[in-house]
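**Q** Using the sequences and the hints given, assemble the complete structure.
There are 2 protein chains.
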Amino acid sequence: MIYVATTNEHKVHEIMDILSDFNVELLKSPKKVDVEEDGKSFFENSVKKAYYYGMELNNPVICDDSGLVINALGGMPGVESARFMEGYSYEEKMKELLRRLQNFDDKSASFVCVATYFNPNSGVLISAQGIVNGTISDNIRGKFGFGYDPFFIPEGYDKTFGELGESVKRQISHRSGAFRKLFELLKKVGEI
Amino acid sequence: MIYVATTNEHKVHEIMDILSDFNVELLKSPKKVDVEEDGKSFFENSVKKAYYYGMELNNPVICDDSGLVINALGGMPGVESARFMEGYSYEEKMKELLRRLQNFDDKSASFVCVATYFNPNSGVLISAQGIVNGTISDNIRGKFGFGYDPFFIPEGYDKTFGELGESVKRQISHRSGAFRKLFELLKKVGEI
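Taken in order, these protein sequences are the chains called B and R.
For the first sequence, counting from 1, position 117 maps to 117 in the working numbering; every step adds exactly one.
For the second sequence, counting from 1, position 37 maps to 37 in the working numbering; every step adds exactly one.
Warning: the hint list may mix true and false statements.
You can't tell identical chains apart in this list, so a pair holds if it fits in one copy or across any two.
[What the hints assert, rightly or not] The calculated lysine to aspartate or glutamate pairs, modelled on EDC-like cross-linking and capped at a C-alpha distance of 16 Å, are:
no., residue 1, residue 2
1, K40, E91
2, K93, D138
3, K40, E56
4, K181, E191
5, K93, E191
6, K32, E80
7, K143, E166
8, K187, D21
9, K31, E9
FYI, nobody ran anything at the bench for these hints, they're computed from the structure.
**A** Okay, here's the thing in structure tokens:
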């Protein structure tokens, strides 16, 4: 059994859905562990969360750190994706980012996810990165997904993640890529 | 080819020696990358170093974060092992720790190492922990090794790492345990 170290219900369900092919029991963490996500990279924050949850729960855990990287804005909101304009809704955050982007021709962006597994008993930690490249849409569209999904158009599509819905997202998303890669690695090393 | 991300010559040679059975070319990093080792765990610091060296060198890297954990002193010097009493020699650091330990019956301690591999191209990061339990000697003995080796007696021995010499250390040390475990994992996942 592996705990999913997050208190974000959307994430927990998305992760369980992504990993449903793997024959592993996943449970939501029974408690919140305070971890200061002050790293400057997705790798640092993802590893910190996995480490402190694993040590506290004394059980293997998985978690991720994810975010949107907008190239014209110097990588913003990046590792600050969740904390950018804290207290505001994602609709307001997206409107503000669209406002800042309006004078740039370059609308390219990436969704990045670093998924991490930590087993405090074996002392093994593994991280895998998933990236989806795409562009920021001119407007906010679609009701599926969460966070910045409604204004991100993945490469090869003309709809936002908010319009494409869960089944497409499960196949091509950054989180899907990272967790599937991670679980393939875990199978190879015998941790699952 | 994998870079060893450290500027500590002792460590580079020890790591190359430990991994000489594996058929992998290891080279010392061609430059120093400034990484603030401000994490509160060996995992955090080891991952940070691997990540920033890997991104800067654009090549797979290995590194470690190691330290001495003295139980009676609340885990001191721990992640601060290298920075504890900065500017002083290890002989002076050991003398100070012996002074602080003199009123405790519990002389138990562990050497801990977290070895990390990061490949910026595949986005895969793997860490493995090695631990050697032992006791702090009443005095500083032996001329082999480096750092805190001359006052640490590993379990099952009556000599310090400073007296036991490189061949024993290569077999049983925390660094040896961590790097061998790491390279076994890397073989299994096909990164080496």
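**Q** Evaluate each hint against the coordinates.
**A** Consistency of the hints with the structure:
no.	hint	result
1	K40 to E91	neither (25 Å within a copy, 36 Å between copies)
2	K93 to D138	within (14 Å within a copy, 61 Å between copies)
3	K40 to E56	between (24 Å within a copy, 15 Å between copies)
4	K181 to E191	both (14 Å within a copy, 13 Å between copies)
5	K93 to E191	neither (39 Å within a copy, 39 Å between copies)
6	K32 to E80	neither (20 Å within a copy, 28 Å between copies)
7	K143 to E166	within (11 Å within a copy, 63 Å between copies)
8	K187 to D21	within (13 Å within a copy, 25 Å between copies)
9	K31 to E9	within (13 Å within a copy, 44 Å between copies)
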